[in-house]
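Colleague: So the chains spell out like this:
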Amino acid sequence: MFGEGLLKGMAETARNFLGSYVSKDRLTTVQFPEERVAPIEASRNFPFLVYDGKDWQQGMRCVSCLICEKECPPKCIFIEKSTDKKPDATGKPQFYPAVFNIDVSVCMSCQICVEVCPFDAIKMDVAFELSTDNRFDDLLWDKQRLAKSNEYYGKIHPTEAAAVDAQLAEGRAKLEAKSKLTTEAKAVGAAVPSAQTVSGVTE
Amino acid sequence: MPETIDQIFVIVKHWLLGYVPAEVQPLFSALLSVVPILVVFPLLFAITTLLERKGLGRIQNRYGPNRTGPYGLLQPIADAVKSLTKEDVVPHTADEVVHFLAPLLLVSAALLGYAVLPVGRNMIVANLNAGVLFFFAVGSLVELAVFMAGWSSRNKYSLLGAMRAIAQMISYEVPLVLASIVVIMAAGSLSTVAIVKAQAGYAGIWPHWFVFTPWGFAGFVLFMIAATVESNRSPFDLPEGESEIIAGYYIEYSGFKFALFFLGEYLGMFATSGMAITLFLGGWAAPFSFLTWVPSYFWFFSKLLVLIAGFIWVRGTLPRLRMDQLMNFAWRFMLPMALLNIFIAGVWHFMPAGLSRWLVCIILVAAPCILLSRGLKKEKKLQVRTYRFAE
Amino acid sequence: MTVAFLILAALTTAGMAAAMGLRNLVHCVLALTLGFAGLAALYLQLGAQFVGFTQILVYVGAVAILAVFAIMMTQSAGSMTRPVFSSAWLTGSLVAGSVFAVLAWAICSSAASRKMLPPEPQATVHQIGDALMHRFVLPLEIIGLLLTVALIGAVVLAMHGKRETQ
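Protein sequences appear in the order of chains A, B and C. In this text, residue positions in the first sequence follow this note's numbering: the first is 1, and each later residue adds one. In this text, residue positions in the second sequence follow this note's numbering: the first is 1, and each later residue adds one. In this text, residue positions in the third sequence follow this note's numbering: the first is 1, and each later residue adds one.
Everything labelled a hint here was simulated from the structure, so no lab data went into it. A quick note: this is a predicted structure, and the numbers were derived from the prediction, not measured. Incorrect hints may appear among the rest.
Quick list of in silico lysine to aspartate or glutamate cross-link-like pairs, EDC-like style, CA-CA up to 20 Å [said to hold, decoys possible]:
1) K155(A) - D165(A)
2) K70(A) - D25(A)
3) K174(A) - D88(A)
4) K54(A) - E129(A)
5) K54(B) - E129(A)
6) K54(B) - D142(A)
7) K148(A) - E129(A)
8) K86(B) - E3(B)
9) K377(B) - D25(A)
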């Protein structure tokens, strides 16, 4: 009747106004770029290539299988396979990409390249402060720009990186165990005929 | 010593006039009275834009502008530079002469109203015998400027906004004038200086302002609501609602002319607040009798700042009124309330002083308020809703 | 015949002449408003503060707005394509000239033109109100009644129209 609803509303805004000087949840602004919100793990922006170890060319996981290039919907990945092979992180000689370009102005961050990569070589980055002043050249990223270390991957996506590392370590352990078995079998097989021949000779 | 500080501007003006030959003294006297108004109130406008943005920001759980200068204090300068350097776009089919004159008329009309506001003791530009009438006469020029702006742009949304704005303004001019008539009745004069003088006494420490009487309080509330409408401010900013009709009647203006519209609106807001202070809040009188040593212009401007803060507060709180709600409110609530207020002021005048007249007048104010607001609410006739679901 | 009077008279005459002569209807209304403002300034120059301010309040603030609303509602502000001067201008100017002659003769032969400039009129707002309430109370009440009847008639017409459209 006398406008109590209005007065209640005005009291609420007054509480907001005065509370904004006192408590943090009445002033929820985060003053970017001085303050930042905590990064979310499941966010993604553009892809990057993972390398193990210290040398980005030596430890790069990508073996140039060209699956991501074929699966990319806007076709923004351009790969040229190398003609020679180099040993990868486990020592096995693999092809490597001589040229690996991603056109970031086209990339739509759909993460399909990450999902189809069988070698966990391409993952999604979270960096968003990417502005340049050249519209075309600076937005075509080459292999060096895309290569980031496994430690960086672990920093931005901890749980994912831990899972990938565990998987890779398991795979490597299985491989080592298998190779140990075969070398042992070979050693045993080598030893047995030598034993036999030795015994045959002596007999 | 307090009197010297209080009258410092008057003393300085007389001293400066001494240096001028006698023939041009009236002209220089007029200039020296007018130029401070032209300097102070646009500065107040600049400060108010900043205060409003920061105040609204805090109400809405955010900072206001705080990048330009410390705490955003240089933001008005940035705004001024922006509005001065923007390209002035005039539509091809627009009426150029009228398009150009509309903001000028608005600002001139708004500035003319300051001539009768007593800013301090002996500090008024023109002590007219019919000061309040002059103020309302000049306020009615604003509607013409709004029409000129809306029509000359040759834009149907602009015209629509102008029509709504004019309808709103003339509807609320009636309660505005009627609410001030009570004060004129009580003070017995149309001169603003006389009205302030009529409120100058103190009963103990309490002042004799008109707002501390039942009819004065009702009149003050009505006057402030009507003042909010006259300056097209939220929650009555339908003609310029940013989410509705983009910018309403000044949609085709850019750059400095837009800034002039803004300036004219805010100046109108200050002028009407100043008139409310003069009529109801005792003008330049101090609120308590032991504070009369503080200079009079300080009290006027602090009351003005309090009212401006009230405007900003209301803007941050209430949603916009629809056009029919607005008109209903004006003709069905404000007008009868204002007319009854005149009657109540008469009753107050003729009853002997004491508790009985307080009780009678409070009941006479409260009862129509309740009844009229009940009458407003009854308009909602909800239809029986039939729901049709997709098959 | 002071300078102020000459300027104001020129302004008023120019405004009213423009209101008759301009092609665009909105320009005509605005020129008419300028003429009203000039009249108000003339009243003020004669010292009649109340009448001057009321002229602005009523004519500029209400009558001009009414004309403006009429234009906006009918949206007939296109430029006139017909010539401004009508074919009966000779008869019209004869009639106007004779009216002017009669008025001029009446004013010049009246008592007001022979006296010296009268002293500053003491018709303050207080005295006007006094006169309205004591001496002229009957005309005031009749005018009030007339206005109320007009208002009620307008409301009835509007309601009638609304009921028809409903």
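Colleague: Please go over all the hints and tell whether each is borne out by the structure.
Modeller: Quick rundown of the hints versus the structure:
1. K155(A) - D165(A): Holds, because 13 Å separates the two Cα atoms, which is no more than 20 Å.
2. K70(A) - D25(A): At roughly 48 Å apart (the allowed maximum being 20 Å), D25(A) and K70(A) break the hint.
3. K174(A) - D88(A): holds (17 Å)
4. K54(A) - E129(A): violated (25 Å)
5. K54(B) - E129(A): With Cα atoms ~28 Å apart, K54(B) and E129(A) exceed 20 Å; violated.
6. K54(B) - D142(A): Not satisfied, since the Cα-Cα distance of roughly 46 Å exceeds 20 Å.
7. K148(A) - E129(A): holds (16 Å)
8. K86(B) - E3(B): violated (47 Å)
9. K377(B) - D25(A): Not OK: K377(B) and D25(A) at ~37 Å, beyond 20 Å, violated.
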